Amino acid sequence: MFAGVFCENFLLQAVMRGEPKLQGRALTIVEGTPPLMKVVAANEAAQRAGIRIGMPKTTAAQFLGVEIRARSTALEKNAHEALLDLGWSISPRIEETATDMIVVDTAGLGSILGSEEEIARKLVERGRACGLCLNVAVAANVETALVAARGFSGAYVIAAGEEAARLSELHVSMLTPSEETAETLERWGVRTCGALAALPVLKLSERLGQEGVRLHTVVRGKGSRAIVVAEAAHTFEEEMELEDAVEELEPLSFLLGRLLDQLCARLTARALAVQMIRMRFELEPTPEKAIEAQKEIVREKNLPGVYERELQLPVPMRNAKMLLKLVRLRLQASPPTAAITKIWIATEARPARVMQNGLFLQSFPDVEKLELTIARIANVVGQENVGVAEIMDTHRADAFRVANFLPAKEESELEIIDSHDEKRLRNKLQGMSCRVFRPPLMAKVELQNEQPVCVFFAGQRGEVIATAGPWKTSGDWWREDVWEQEEWDLEIVFRAGGYVEKRDGPRQERGLYRVYRDAKRGEWFIRGMYD
Amino acid sequence: MYTELHARSAFSFLEGSSMPEELIRVCAERGMPAMALLDRDGVYGAPQFHLAAKKLKPPMRAHVGAEVTAEDGWRYPLLVETREGYQNLCRLITRMKMRAKKGEGHVLADEMKESCHGLVCLTGGTEGPLADALVCGGLDEAEKRVRELCETFGHWNVYVELQRHFCRDEEARNQAAVMIAQKLKLPLLTTNGVSHAQVKQREVLDVFTCIRHHRTLSTAGRLLSRNCERHLKSPEEMTRLFADLPEAIANTQVLSARLEFTLENLGYQFPDYTVPDGKSPMAFLRDRVAEGVVKRYAENEAAKKQIERELALIDKLKLAGYFLIVWDIVRYCREKNILVQGRGSAANSAVCYALGITSVDSVKMDLLFERFLSEERGEWPDIDLDLPSGEEREQAIQYVYERYGQLGAAMTANVISYRGKSAAREIGKALSFDEETLSRLSNLVGTWGYKDERDALDRQFRDAGLDLKNMRIRKFFELCHAVQDLPRHLGQHCGGMVVCQGQLDSLVPLEPATMPGRTVVQWDKEDCADMKIVKVDLLGLGMMAVLRDTMQMVRDVHRTEIDLWKLPPDDPAVYSALQKADTVGMFQVESRAQMSCLPRMNPKDFYDIVVEVAIVRPGPIMGNMMNPYLKRRQGREKPESLHPSLEPILKRTLGVPLFQEQLLRMAMVVADFTGGEAEELRRAFGFKRSEARMKDIEIKLRRGMETKGIIGEVQDKIVQSITSFALFGFPESHAASFALLAYASAYFKCHYLAAFMVAMLNNQPMGFYNPATLVKDAQRHGLKFKPIDVTRSEWQCTLEQTAQGFVVRIGMRYVRGLRKETAEQIMRERRLRKFTSIDELKRRIPNMQKVELRALAEVGALNFLSEECRVHRRNALWQVERALRRPGPLLEKVNNDGDANIPIASGMKQGTELSELAESPLLRMTTEERLAADSYGTGLTVGRHPLAYHRENLKKQRIRTAIELTKLANGTQVRVAGEVIARQRPETAKGFVFLSLEDETGIANVIVTPQLFDQDRTVVVNNPYLLIQGKLQNQDNVISVKAERMQALLITRAEFGSHDFH
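In the order they appear, the protein sequences are chains A and B.
Residue numbers are given in this note's numbering: position 450 of the first sequence equals residue 450, and the series is strictly consecutive.
Residue numbers are given in this note's numbering: position 185 of the second sequence equals residue 185, and the series is strictly consecutive.
There could be a bad hint or two in this list.
The calculated EDC-like cross-link candidates involving lysine to aspartate or glutamate, where the alpha carbons are at most 16 Å apart (straight line), are [claimed, not checked]: (1) B:Lys200 to B:Glu478; (2) B:Lys200 to A:Asp476; (3) B:Lys304 to B:Asp277; (4) B:Lys580 to B:Glu151; (5) B:Lys850 to A:Glu180; (6) B:Lys786 to B:Glu800; (7) B:Lys113 to B:Glu151; (8) B:Lys55 to B:Glu22; (9) A:Lys444 to A:Asp489; (10) A:Lys38 to B:Glu435; (11) B:Lys183 to B:Glu148; (12) A:Lys444 to A:Glu523; (13) B:Lys200 to A:Glu180; (14) B:Lys475 to A:Asp481; (15) B:Lys304 to B:Glu391; (16) B:Lys475 to A:Glu486; (17) B:Lys850 to A:Asp476; (18) B:Lys475 to A:Glu480; (19) B:Lys850 to A:Glu183; (20) A:Lys38 to B:Asp434; (21) A:Lys472 to B:Asp169; (22) A:Lys203 to B:Glu919; (23) B:Lys469 to A:Glu480; (24) B:Lys429 to B:Glu478; (25) A:Lys472 to B:Glu171; (26) B:Lys1031 to B:Glu1044.
Derived coverage of chain B by chain A (criterion: at least 3 residues anywhere in the stretch with Cβ under 8 Å from a Cβ of chain A; other residues may be distant) [what the hints assert, rightly or not]: (27) 469-476; (28) 876-882.
If you're looking for bench data, these hints aren't it; they were derived computationally from the structure.
Please read these numbers as outputs of a predicted model, since none were measured by experiment.
Backbone N, C-alpha and C fix where the C-beta goes; we use that ideal spot for every residue, glycine too.
From just these sequences and the hints, can you work out the full model?
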C-alpha cells in the first residue's frame, strides 16, 4: 500500500509553520519586488474578507484584520524538508513527488505502525506536530493515493478494488493532466474522474495518446507505477544545534572546523569544491535584541537573532583548513553580537579548479594563499577597503568603487578596443598628471568678480595668481545624493610656506592645484595637486 | 549683441527637450533679435519656429538650418542663407533619408559638394567636424578638415564655431579652433549649442538620452549631460563668457544679417492640371461643372446662379487647377468603383456638388459658400475626401503618387507626441522601474474620459503602491508632466496628402514611410496649412465601406441601383426610426448620447439630422448649448441670441451656436476679429491646442468685446460658448456630409437590413457597438442569422436566399484563431468535392492548425459536415482530436480493420466514418456551454440572448425587460438586468457613469451617480451582467433607470464584450 501525503495551500502553510501564532487568522501571502507586491495565496478567512489572488499588496493592506506576509522560499524549503522528514520518519521508501506532495510506501509497516487507517492518522498527526496540516490518502497504488490525497481532506483510506468508485466524483484537475489535455477535457465537458473513466480507452488513446491512457488507468484505479525512491538530501548543508550557547571564537572554530571537514569530505566524494560559503547562526536573544528584532519583523527582513554572512571565494576550493581560516577571519572582522545557539553552514558547489602549470611559465602566488592574505588585510582595514579600484562611468570627478579581486582574465576575454576608440583614448590621456588627495582637503576660498583670489587650507593662506575654470559638472539629479561641483585649476603662491606634502618632504612655495566647490553644500575643497 | 545660431529643439527627436515655440519665446525674453534652429537631419520644427517668431512683438527673425549627419557620424551644422540654399538643404536631406532606414542615414561628401550653394557651414560643437577631427587626429587633422569644409562650401561660407559649457575638453578644442581660424583667416562664431530653453529641461534631455541609447539613468553614465549649460543664455551671459573673443560674439550679428532666407519666402506653387485640347483650366472646369449641373441640378435657377458666382471667384483666385485635381481623384475613384464623398467645408460649394466631389446639395441646404472659399482669407480651400478604409483608399493614394510622382506628392506627417501612457512607460524605464511597475502604471494612466480629483495622477501613483515622497518616484511624476506633448517620433497622417508643382522635395524634406510606396513630408498637416501648402485629405471611413458593400449587394441581389446623392429624401421609415432612437448601427447617431437626444430632437427633416450630428458633441455639451437648443425647439423656451448683434448668425439655430462657422462669425462680429484671426482662433482651440495660445486668444476676444461695449455676464457667456465649443464643434458643411451618411445608413438599415448587416459585420471593427449587439438588434428587427458552417460559410458574412427571404450567414472571419488562408483553402476544397468527415477535412487541408480545427468544432462549424449525419459540437470535438493525431506514414494507409493499401480518402470506409461521426461518448453541450463557446469562439451568438434562457427566473424576481420600461410611468421603482454593452464616463458628465444593458427585448439605459459608482466601482467595472434597481426616468420618451442599487448577475460565463469608457 502507498500513502499519498499532500500539503494543501503549501505557501500559506509554510509561513504559518514558521509563525504558529498565525493559525486561525486571515492570512495572505504576497510576492514581488517591493513596493510592487501582489497576492499569490490567501486562506479562506482572507478570501472571505475580500482578498483576491493577484491583488496588489497596497490594496490587500486596506482590509482590516488580514495578516500579510511575503513569500519565503526559505520557509517553503523548510516545510518541504519537514514533509520529507515526516515521510522518512515512517518509511525509508518515500517519493518526493512535488514540493507539496510525497508518497510513502507503507508496505510491511503494519506490524510496527498498525493498520492503514492508523498509518494515515499517524502521518496526519505527525504533520500537525511539524506544523503542517496534511491530507493523507492510502491506496493500493501510487496514482490513486496521489489523486485521493489531492482530492480528500484528512486521513482517507481506499480499499483495493474501490478505487474507481471513490475517485469518480473528483475533478479531473486532481489528476494534474498536461495543459493541453486539461483544455481538451474541458472542451469535451469531461470534468470528473468518473466521466473520464466512462470513455472508451481505445478511442481515448486515439485522441489523447499515452497520456489519455495513463489518466484513464488512474481514474479506473488501475495504476501500477512504482515509486521513485528519494535519496537522502544532496544539498551541501550542515547544521548543529548547540546545547550551550557559544560566545568565544575558539570553541566556535572547533565546531566550524568539524562541519567544514564534513562538508569538504562530501564535496570530495562528488569531485566538487566550494565557491561560496553561507553561514547562518541563530543567536541567543537578549532583551535589547528582542526589541530590535521586533522592528525587524515589522520590516519583514531577517529573522530575529540571526547572524548571516556569505563568503565568496575567487576560485573553488576544497581545503577545509584554508576555509576555516577564511571563515575565522571573517568572523573576527565582524563578530556576531550575541552567543550562538545554532550553526548552519551551506556551500555553493562548483567543479574543482584544475590547473596545469607550464614548465617555462612564471609561477604566480597560489590563489588560495593570496585570498587568505587578502582576508587578513581586510580584517585589519575593513572589508570595504580591500579590492580593486574601479572607475565609475560618471561625470563625477574621482568617483570609484572597490570591487572584489578576480583572477586575471585570459587575453582573449579582454574587450578589443577598436582603433578609432583607441586613438581617442590615447589623445585623451595626454596631459599633466594630478595627484589626488583622498579625502579632499577642506578649504576656504575668497572670490572677487566670481574668481578665486585667495585660498586657505591646511592652515596656510595662498594667493591665487592664475586661474582656469570653472569646469562645471552635476548629476544624479534623480537621486537623493544629487551633486554639483565647480572645479578650478589654481596656481597658488604661499606667502609663509605652503602646504606641506608630507611624503615628499620639502615645502612648495608655489603650486598648481585642482580646487572645487561643492555647490550643494557651498563648501570648497582641494581635490589635488598637479605634478 | 549676441544672436543664438545653433539650437536644437525637441524635433531633433530625443536630442533636444524644448519645443521650437518655447525656444524662440525665451530667446525673445533674453533680448535677442533672431535665432537659428538646427535640428538633426530635418526641418521638422521650422514652421512652428517661424510662426512663433512672426507672432512675437516685435517679430523675430527665425533662421532655418539643420545638423546634417556625415558618413563618419559627425554632423555638419548648416545655416540657410538663400532660398536656393533652403532648396538644396531639403533635397540633400531627402536624398539621405530616402535611401536609409527610419531615423538613420547620412550624406555623402559628393552630395554635399553638389548641394552647398546658399548654405553656411559651422564647424560645430562636440558632434561637429572639427571636434571629431581633433579627437581622431589632433590639430593637423582638424586643420585639414576645416580646409576641406572651405573647399566644399567656399571660404566665405565657413565659420569656426566656439562653445563654452564649462568643460575642460571643450576649452582645449576652442583653443585649437582659434588657432586654426587665425591660420586659415576664418571668422570665429560663438554659439551655445543649445539643447533646451530652460536649465531645468536638462533632466528631460537626460531621460531622452537614456531612451535613445536604451539605457537607464543609472547605467547611462557619461552619455548623460555633464552639466546644465546647454540652455538658452542671454546675450550678456554669452558676452561675459566670451569676453576674451569679442569678435566671435560680434560675428553672430554679422552672420544673422547675411541669412536672408526665412520660411516666409518658401516659394510654393500648386501644380496645374494638364488640360487636353489646349483649353484653359478654367474653361475645362466650366465644362465639367456644366455637365454636373445637368445631372444634379437640372433646371434649378438658384443653383445655376450660385454656381456662376462660385466659378467667378474660383477664376479670380486662379483655383481652377486645384478643383480639377480634386475632381480628377474623384473621377478616378468613380472609374474604379470606389465610393467617395467630399466632406469638410467643400460641402458648402455648389461647384463641388456639381463636380460630384460632395453629395450634399449646398443650395438646397443654404450653406455658406464663404466658409469654403473667401477672397479675404487668402488661404487654400479645404477638401476632404472620405473613402472606404483599407485597400481602396490605398488605391486612391497610390493614384496621386502615380499622377504627381514620388517627389511631387507625399503624405503629411503626424507627429507622435509623448502622452500619458507612452510617457509613463519610457520614463519609468529610464528610471529603472521593473516591467511590472511599468505595466501597472501605464494601465493606470488615461483609461477614463472623466477624471475626478481622486483619479488624478497622485492617486494613481498611490494605487500602484508608489509613494510620491520617494525622490525617484517624485522625479518620475515631474518628468511625466515635463515630457507631455514633446515629439517622440514622426508618423504619417492617416490621409493628408500634399502635392506640388515641380519638386516637393525642394520645399520640405521627404522621408520614406513605413508602408511601402509611400513618402512623408517632415511637416504635419497644420504646419503645411501654415506654410500655405495645399493638401487633400483622403480619409478612410468604415461607414463608407459599409455603404459601398451594401449598395453593391442591393445592386446584385435586389437589382436596384442606389446612389448616395439621389437617396429618397424624406423616407418616413428613416425618420420614424430616428425619432424612436432605434439607431443601433447607424452612422453618427447610434451612440448612447445620440440615442438619448434623438427622441427630444424628434428629427423631421434632413437639416434636423445635420443639427443632431453637430449637437451631440463635447463642444456644445460643455458650452451648455444642447439643452437650450432642445428646449427652444420644443417651444419651452424663447429663442434668444446671446447678444442682439449675433441675431443674424444664430437665427437658424434658434439663438444657440452649434456650428464652427457660427463661432468664427461670432468672434468677427463681437470682437472685430478679422477672417484670419477667427481662423487662428479655431486652430488655437484645435487638436494641438496649447494653454498659452488659448489664453492669448481669450484675452484678445475679451478686449475686442469691451471695445464694443459687450461686458459682464454677456461677455462671459459668449467667451464660454466660443472657447468651450471650438475644439469639438463641427463645421456645418461637415455635419451635413456626415448627416448624409447617417441618413444613408438609416435608409439601408430600414429597407435593406440583411444587406446592411452583412456589410456591417464584414467591416468590423467599426462603430459604437460590437458585432454581438448588432446581431441581437437585427434579430429584434426580424432578421435571421445562420451559424458558421464550413460547408457553406465564406470568409466574410454573406446573404442567403431562403423561402422566408434573405438571411445572413455568418462568415468564417468570426472564428477566433482561424486564419484567412485556411478558410480560403476550405472554400477551395469544398468547391472541388464535398467533405465527408472531419478526418477527411483535416487530410485535405493538411496546413490547418490544431487550434483552428478545434475552434471550428467548438463553435459548431463542423456540425453540418455531412448532410446524412448531423452531429453536435461535442461529437465534432471528439472526432477532431482523432483527426489531429494522424497515424504515421506507415499506418496511414491501414484502415480500421487492419487492411493495408486501401486509401481512406477514397471513401471506402465512409460508412464507418459516418457512423463514428454520429456517435461519441460525450454529452451534448448544455445551453450554457454553447453560449460560452460562442462568446469565446466567435464573439457573437446567433441563438437566443443569454438572458432569454433565464427569463422565467428573472420574472419571479420582478425584473423587467427593456421593452417593458417604455410602458411604465416616470418615477416607478424598477429592477432591470442585462448584459453590459457600454460603460461610459464622459468628460462632460461630471463623474456620472452611463451603462447600456442589453436583454432579449432591447437596450435599457442606466445612470449611475458618482457616489454610487465610487461605492460599487468593482461591481460596475468587473461584471459582464448586472442587476440594477432604481427609479425609472422618462423625459420626453428618453427612458433611463437612475440606479440606486447594483449587483452582479451571475447567470452565464458567456461574455460578448462591452464598449467601455470612451
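Do the hints match the structure? See the list:
1. B:Lys200 to B:Glu478: Since the Cα atoms of lysine 200 (chain B) and glutamate 478 (chain B) sit roughly 11 Å apart, the hinted pair holds (cutoff 16 Å).
2. B:Lys200 to A:Asp476: 14 Å, holds
3. B:Lys304 to B:Asp277: 26 Å, violated
4. B:Lys580 to B:Glu151: 79 Å, violated
5. B:Lys850 to A:Glu180: 11 Å, holds
6. B:Lys786 to B:Glu800: Answer holds: lysine 786 (chain B) to glutamate 800 (chain B) is near 9 Å, not above 16 Å.
7. B:Lys113 to B:Glu151: Roughly 9 Å between the alpha carbons, so the hint for lysine 113 (chain B) and glutamate 151 (chain B) holds.
8. B:Lys55 to B:Glu22: 13 Å, holds
9. A:Lys444 to A:Asp489: 15 Å, holds
10. A:Lys38 to B:Glu435: Holds, at roughly 14 Å.
11. B:Lys183 to B:Glu148: Holds, at roughly 14 Å.
12. A:Lys444 to A:Glu523: Holds - the C-alpha atoms of glutamate 523 (chain A) and lysine 444 (chain A) are around 8 Å apart, at most 16 Å.
13. B:Lys200 to A:Glu180: 56 Å, violated
14. B:Lys475 to A:Asp481: Between lysine 475 (chain B) and aspartate 481 (chain A) the Cα gap is close to 13 Å, so the pair holds against 16 Å.
15. B:Lys304 to B:Glu391: 37 Å, violated
16. B:Lys475 to A:Glu486: Distance of about 24 Å is beyond 16 Å: violated.
17. B:Lys850 to A:Asp476: 54 Å, violated
18. B:Lys475 to A:Glu480: Holds, at roughly 11 Å.
19. B:Lys850 to A:Glu183: Cα-Cα ~13 Å, so holds.
20. A:Lys38 to B:Asp434: 14 Å, holds
21. A:Lys472 to B:Asp169: Holds - the C-alpha atoms of aspartate 169 (chain B) and lysine 472 (chain A) are around 12 Å apart, at most 16 Å.
22. A:Lys203 to B:Glu919: Holds - the C-alpha atoms of glutamate 919 (chain B) and lysine 203 (chain A) are around 12 Å apart, at most 16 Å.
23. B:Lys469 to A:Glu480: 11 Å, holds
24. B:Lys429 to B:Glu478: Measuring from Cα to Cα gives roughly 15 Å; hence the hint holds.
25. A:Lys472 to B:Glu171: This hinted pair holds, its Cα atoms lying about 12 Å apart.
26. B:Lys1031 to B:Glu1044: 7 Å, holds
27. 469-476: holds (count 3)
28. 876-882: holds (count 4)
Violated hints for the displayed structure, listed by number in ascending order: 3, 4, 13, 15, 16, 17.
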